[in-house]
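**Student:** Now for the letters of each chain:
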Amino acid sequence: MLLIHCPYCEEDRSELEFRWAGEAHIARPDAIADITDEEFAEYFFLRNNEKGLTYERWRHIHGCGRFFNAARDTVSDRFLMTYKAGLPKRPVPGVSATEKTVETYEQTEGDAR
Amino acid sequence: MSGSSHGSAKNLGAFRLKGAGRLTPARTSRFTFDGKSYTAMEGDTVASALLAHGVHLVGRSFKYHRPRGILSAGPEEPNALLDVARDSARRQPNVRATVQEVFDGAKISSQNRWPSLAFDVGSVNNLLSPFFPAGFYYKTFKWPREAWEKVYEPIIRRAAGLGVAPKEEDPDRYANRFAHCDVLIAGAGLAGLTAALSAAATGAEVILVDEQPQVGGALHFETSTTVDGKNGFDWAQETAAKLAAMPNVRILTRTTVFGYYNHGFLGLAERVSDHLDRPGRETPRERLWQVRAKRVILATGAIERHMVFANNDRPGIMLASAARTFLNHYGVAVGRNVGVYTAHDSAYEAAFDLKRAGVSIAAIVDCREQPGEAVLAEARALGITVLTGHSVIDTTGRLRIKSMTVARNGNMDIRKMAVDALIVSAGWTPSVHLFSQSRGKLRWDEASQRFLPDIYAQDCVSVGACNGTDETDLLVDEAISAGGGAASVNAERRFGWSGGMIGAAEGAGPDTRVKAFVDFQHDVTAKDIRLAVREGMHSIEHIKRFTTNGMASDQGKLSNMHGLAIAAEMLDRPIPQVGLTTFRAPYTPVTYGTLVAHSRGELFDPARKTPMHDLEAAEGAEFEDVGNWKRAWYFPKRGEDMASAVNRECRTVRDVAGVFDASTLGKIEVVGPDAAQFLNLLYTNAWDTLKPGRCRYGIMTREDGFVYDDGVVGRLAEDRFHVTTTTGGAPRVLHHMEDYLQTEFPHLKVWLTSTTEQWAVIAVQGPKAREIIQPFVEGLDISNEAFPHMSVAECAVMGVPARLFRMSFTGELGFEVNVPADYGPAVWTAIWERAKSMGACLYGTETMHVLRAEKGYIIVGQDTDGTVTPDDAGLGWAVSKKKTDFVGIRGLKRPDLVRDGRKQLVGLLTNRPSDVLEEGAQIVADPNQPKPMTMLGHVTSAYWSENCGRSIAMALVAGGRSRIGQTLYVPMKDRTIAVEVTDTVFFDKEGGRIHG
Amino acid sequence: MAEMSSPAAARTLALSGVRGRAASLAVTPAAPAERISLRARSEDVAALSAALGLELPTRPKTSAANNGRTAHWLGPDEWLVIGEGEKGSGLMAACVASGVLHSAVDVSHRNTAILVEGAGAAAAINAGCPLDLSLKAFPVGACTRTIFGKVEIVLLRTGEESFRVEVWRSFSDYAYALLAEGALDATF
Amino acid sequence: MRKYSVFALAREALRAHKGWDAQWSSPEPRSSYDVIIVGGGGHGLGAAYYLAKEHGITNVAVLEKGWLGGGNTGRNTTIIRSNYLYEESMDMYEHSLKLWEGLSQDLNYNVMYSPRGVMMLSHNTHDMQSFKRHINANRLYGIDNEWLTPEQAKAYCPPLDISKTARYPINGAALQKRGGTARHDAVAWGYARAASDRGVHIIQNTEVTGIRRGPDGEVTGVETNRGFIGAKKIGVSAAGHSSVVMEMAGVRVPLASNPLQALVSEPLKPIFPCVVMSNTVHAYISQSDKGELVIGAGTDQYNSYSQTGGLQIITHTLDAICELFPMFRRVKMMRQWGGITDNTPDRSAIQSVTPVPGLFVNCGWGTGGFKATPGSANLFAHLIAKGEPHKLAAGLTLDRFRTGRLIDEAAAAAVAH
Ligand SMILES: Cc1cc2nc3c(=O)[nH]c(=O)nc-3n(C[C@H](O)[C@H](O)[C@H](O)COP(=O)(O)OP(=O)(O)OC[C@H]3O[C@@H](n4cnc5c(N)ncnc54)[C@H](O)[C@@H]3O)c2cc1C
Ligand SMILES: NC(=O)c1ccc[n+]([C@@H]2O[C@H](COP(=O)([O-])OP(=O)(O)OC[C@H]3O[C@@H](n4cnc5c(N)ncnc54)[C@H](O)[C@@H]3O)[C@@H](O)[C@H]2O)c1
Ligand SMILES: Cc1cc2nc3c(=O)[nH]c(=O)nc-3n(C[C@H](O)[C@H](O)[C@H](O)COP(=O)(O)O)c2cc1C
Ligand SMILES: [Zn+2]
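Chains as they are written, first to last, in my numbering: chain X, 5 to 117; chain Y, 13 to 1008; chain L, -6 to 181; chain P, 20 to 436.
Here chain X stands alone, though its shape is the one from the complex (with noise of 0.2 Å):
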């Protein structure tokens, strides 16, 4: 069970209270009804999946109700740093948002190096 830095509580709290809300920075286009279908699917279905570093959305939904955004590392399942919602992306300090294998679970689950 994950704990969870909650920018707005300003406090860690347990998995429990909070709702995974997707991908982060993914903005609605602006002119939504213009854009082509690929460009829709391309909104609305794809998502990068990342193994590593991930920017993502969670909902203290059963605290203060406020979406905000994270960024994790999906191999360890690790928290770099929580962020009010609005703000813009921004890069963890020490990891490079390019690196995409952070470390794989093969390494992580009790083998032996």
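Hints in this document: simulated from the structure, not taken from any laboratory.
For glycine and all other residues, C-beta sits at the position ideal for the given N, C-alpha and C.
Some clues are possibly wrong.
To be verified - Just the calculated beta-carbon pair ranges, DEER-fashion:
hint : chain 1 : residue 1 : chain 2 : residue 2 : range
1    : P       : Arg21     : X       : Pro97     : 40 to 48 Å
2    : Y       : Arg911    : P       : Gly246    : 42 to 50 Å
3    : X       : Thr40     : L       : Pro132    : 51 to 59 Å
4    : X       : Arg23     : Y       : Pro779    : 58 to 66 Å
5    : L       : Gly92     : X       : Arg23     : 30 to 38 Å
6    : P       : Gly161    : Y       : Gly651    : 41 to 49 Å
7    : Y       : Ala256    : X       : Arg23     : 34 to 42 Å
8    : L       : Pro132    : Y       : Lys761    : 50 to 58 Å
9    : X       : Ala35     : Y       : Arg714    : 43 to 51 Å
Unchecked claim - Residues of chain L clear of chain X, computed beta-carbon distances all greater than 10 Å:
hint : residue
10   : Asn59
11   : Gly61
12   : Gly83
13   : Gly92
14   : Ala112
Said to hold, decoys possible - Here's a subset of chain L near chain X, in silico, CB distances under 7 Å, partners left out:
hint : residue
15   : Pro53
16   : Asp125
17   : Ala135
18   : Thr139
Fit chains Y, L and P with the ligands to the supplied structure of chain X, relying on the hints for placement.
**Tutor:** Structure of chains Y, L and P with the ligands alone, referenced to chain X:
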């Protein structure tokens, strides 16, 4: 305990040594094992009590049904799995005899044997074992094809399995507790206790956990360790008492840390009352602790391994530390003439203790040439024969070991030595389970032949034996520094420990047919592992799954390292390259009931009831589950079945009126100057044109354009809307709205509040609806002119502030009276009394469904399914053509959503009016086509309509609206029903009644 | 929406009929109260505070009380304001009087409250609530929306060993039953 | 290849089983292949087998980054059934079920396909409507699926609690008798052995780290941790890692990778005769040949590549299991684990050509693709060999996310496993 009544006749067991151990005979208890009665002392485990009475044979193995005894004195026990019962409902299979404490009256039985433990028919498997090597089933049982399912599999199934599952519902209670701490310490041996002293001194909140009834860990058996000048075990108890007195320390004994999950979260299972003679009725049996710890100190110790040699599994063969525990803690000798077979110094100490207690030691057989000097010297001093460079290569004895066969390594000279017990040690495996579960990475320590914690993934540290720290003074230093504070602990151990081996021992080497067991419970032998490698299973994960090594209920606590070493030898690869299998929770098996804790019965899932629930129940309502809600389904009168009740309700509503509880409908109050603009974006309809005091039916789609929810929205004021949603949709609709409001349209000045439960909603529908409610409504003209269809107003009803809607889901004149929930029952009662006197009825969801279907109104989720657009559902009119944006505007225009031939909602009339279609029935154009048939769609709603005097149905049919007038077919199992495609309105097509 | 002086309709409270256990730990339904869900932007907090006669808290997990009214911080623009007394204390009206932009919605009947009082109160709540309820982490006056077993609650610490649990009415049977189990277990 | 039979077993019994050879060979990789399959799960190994067997393409390598079957093939609850709703799904899963029925014989490897019946519990009117929709569609399509009353359900599965007082009483069930379970590891091993026998190279511990492309954008081979290996065609069948591998060729697929958990109890004597699933209370359960109760839990809510998940997912599932089967409350959980499933927006799989010539993808089987293994592998081989989909898999292509022609089994309230 009740034992004292057994008086002086108490037989505490022939193997119970006077003056040995820490149990006192003051309190005893009785239990039965396979029907025979025994006496135990307070503090005995089932294992120690049985051994006290000389009982070694306690079970049969899984595959070969080999006789098995007690191998260990702890949770790693693979053999001694018993069925323990308090009464017929409180029966528990697969209980480790070495963990279960005896309680008075326990009925204990052996498992996996028939007809009896001593004579088990299943043991022919042992003779047939050459035919059952690892993975044999993959190679055979394939012909004839059906025989696997009909013959072979049932036989295999009956032979497999261990205990018998309980047959009755478990009456016991279980509890849950969430807890937080600064430091959680797993394990209260010397290392854990020392770390706790140090951590507690800093003022930190400390939780110290140990799965044994008492703290002390290895100090239970280690007589040669003194701490602060005291016997180690005594020091441990005193330390625990000191810690327990501190306000910032909580000690949980009989509590297993079974899982170390993400972000400092650990699962603990506390055995609260399984050891009690007569637990209180309300005492939980077990308690789940879900702990979030800032820091974790792992002090889980090490587990002794057995030696892998031919016939190493006979009853009477056990771990040296176990024999020592039985002697030093329980005062029980495991035999009178004990052999020792070891690769590690620690077993010598077991021999010393036994010898001093008067047990004769046949010999210490040490496969090493050079054991530790200190232990050798002591053995000599005690007059114990030590055979270094020798191995035990076989044993005899059917139900209990009789002799061991000893050979000089590499030499064929053998001698047989009579023994009645053989204690073994291949060394110690650090318990790194929790460390690994926390995703820490291990490293292989070549010198000591063990995996040790290396890189930590969480805020955690390992101390003591689980960290490979052998020297007592180093251990203490390490534990103090892990605790982060200070403590003064002086521990000394008389003998240094060295040695250890992993893999098959002498005589079980390559090329042998002998059964040298690696995994006792699953009957995995050294040769099985070699066979797996020969068959191309080169990954340790394949070897595990092919042989099932380590997959039994002990999860390889004893066997994994041996299996790994044998595989590595076969593969000619260094051990770290072969790797380990993954450690997974739980550390030891955890009762489902404990994990479920409170979530059973009424606490399994909240049953939501409306304010009028009890009144409806009193009127005889049958209820149905809709999401979490209990909704009144229909109100049968005496002697009525469902159909006749529903028919009566349907008729009465249209002839007179009906009263319906609509409280479960979701309600969201949308408030703020931009409320209309917000709703414009969230619904397909336009809302800025809606005047205060009016309502409108709205459809919500998501970006994909499919119908997501619907409901009537009333505008109370310029800046205040009362939005209703479907019963099941309420939470997700609010979440969806919040999502858009907070992330896409944060500039809008509007707020959302759930008011579902603020209002009790009483719908009154039918020609007499107005007349019924009229006298209760204050301050509002509800005449047709002043308050037409689709109006809303705030007023008072029976002196209570109310929101009154003129709306209808039945096609009749209708009102929905919203009053603050606590007033619901009183208002309901008053309205119902008046309605009843006028000939109206109460009706439930079933009648509501029929009436709305007569009018062709849809139910989202029944007539639509997440693939239906508003247009498909015949609601194209509700999609604004003028708006330049709303959620779904683009999705709706995708090629497949606008193509011809989409499924559209239509009506169906069966050729025979009395035929009611089955909801979910499929529709075809040609019923005589071969299978697989081309299906055009399916029936979404179908009812007997009392008001139409015939059956009616709605269906989603490909190109449906263009087929109106056509005959289609509904092929059922026994016959085919012809249907005519119609529009969806079956009753009052002109729609006049609603304005009545 | 203040309620009228003497409605013809009588109230039926959620949890009517349940009684706390006679133990060191009591779990009892609270008296009815007026409640609003109040939403406002930060620039309007001062005016609303003045109108309500208490300082709307702006720090997470805090509450403020005055004159029988308690305001619970639930989110950066959200408060649950509770006024004692069944008849209501004019919370809605006070908000309107503030003259500033806000949303006030009457939820007096949506919620009901359960009081947990006595030794082990925190442990009882921890039977279903994952929060750290030590006095350090959750002092007297602390409040938050959170989860309790399978339902959502708003939790307020009213004393070292007393809490108020606000819960939606249809979840109150569940919440009460789980609290009762928790209370029972807290005594072991 | 040595034939497996009871006679062979008896012969070997007399000589300590010394004569068995490796089930599959582990050759050094060639410099290039006609086809490279990425992913040594059941789907990938099976595709290689059918390429060799049915299309005569034997210059094939299966590259597996870990050990064969170590992905979801080795960690699933092995439920097999074909009673899906949409034609695209029925085509695929029924094709697969028919292959299951003869798989042990075809592979000469006992995969222990056990048609013990899969029963889905209906708890309310909505379930009933949905199940009957399935049953009727299945019947007209030639697929067995029948409605049971609560009493019939209890007769089929005696441990079931059908009392009216249950929190969610059962109002019936849908039963597919031909549904059941199979031995997951044997599926991977059996395909590997049979494929290897036909010349396919099975190459483990080899992770594909890049996809190389030629001047016209076509694939030319893969980069691996053991160097470059050339290929004319590449079939990606990497389950939870599909989007990671496809990204190497610049192709984005609509997938979310989520941990899905499962657990087993301690072994028990036979008590549970079939497979039971309940969508309403979220639980599914069967008993393995070895005696453990095998229980499938839910997915964690977030994307993740760690094969672990939260304890709350497990407890939630056990709540439901103990509510349906109150007698199991004293049974103990022996092990829990997770796998990474790749889920599409409509919860149906993708088997498709891609914008990259020579690159084919088979993914999105999510939480329910074990049952599809033979069928999917068989049709994926067809796709790779012919360059276009078989008619039974024609609906599973990628372009549906553009056109909106989804195959939304989830929306139709089917159960996903
Ligand atoms: C807990 C759980 C329960 C389930 N229960 C059921 C069920 O009851 N019934 C059912 O039908 N389905 C079930 N499923 C789903 C089912 O397991 C999968 O859909 C199916 O096994 C997928 O098979 P596969 O061969 O495609 O994938 P996998 O077996 O996962 O094989 C993919 C392989 O690709 C390899 N790979 C990935 N990336 C690379 C790379 N870069 N280079 C080389 N190799 C790579 C992986 O290591 C892996 O071995 C369940 C899944 C889980 C996790
Ligand atoms: N170095 C070695 O190889 C070795 C081997 C055996 C014993 N010893 C001796 O062991 C002692 C070392 O002390 P130690 O404290 O490190 O180990 P320990 O074995 O004395 O204590 C470990 C404790 O952890 C508990 N435990 C283990 N897993 C648990 C879990 N998951 N949940 C709850 N409790 C759990 C055990 O019940 C035990 O009481 C010394 O006395 C030393 O002489 C050392
Ligand atoms: C159908 C099935 C049955 C299983 N039975 C057992 C079992 O009896 N004992 C066991 O230890 N593990 C069992 N497992 C779990 C495996 O040990 C292992 O946890 C799983 O394959 C995932 O691999 P991992 O834990 O190594 O990551 C079973 C797994 C499956 C899919
Ligand atoms: Zn928050």
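**Student:** Which numbered hints does this structure break?
**Tutor:** 1, 4, 8, 9, 16, 17
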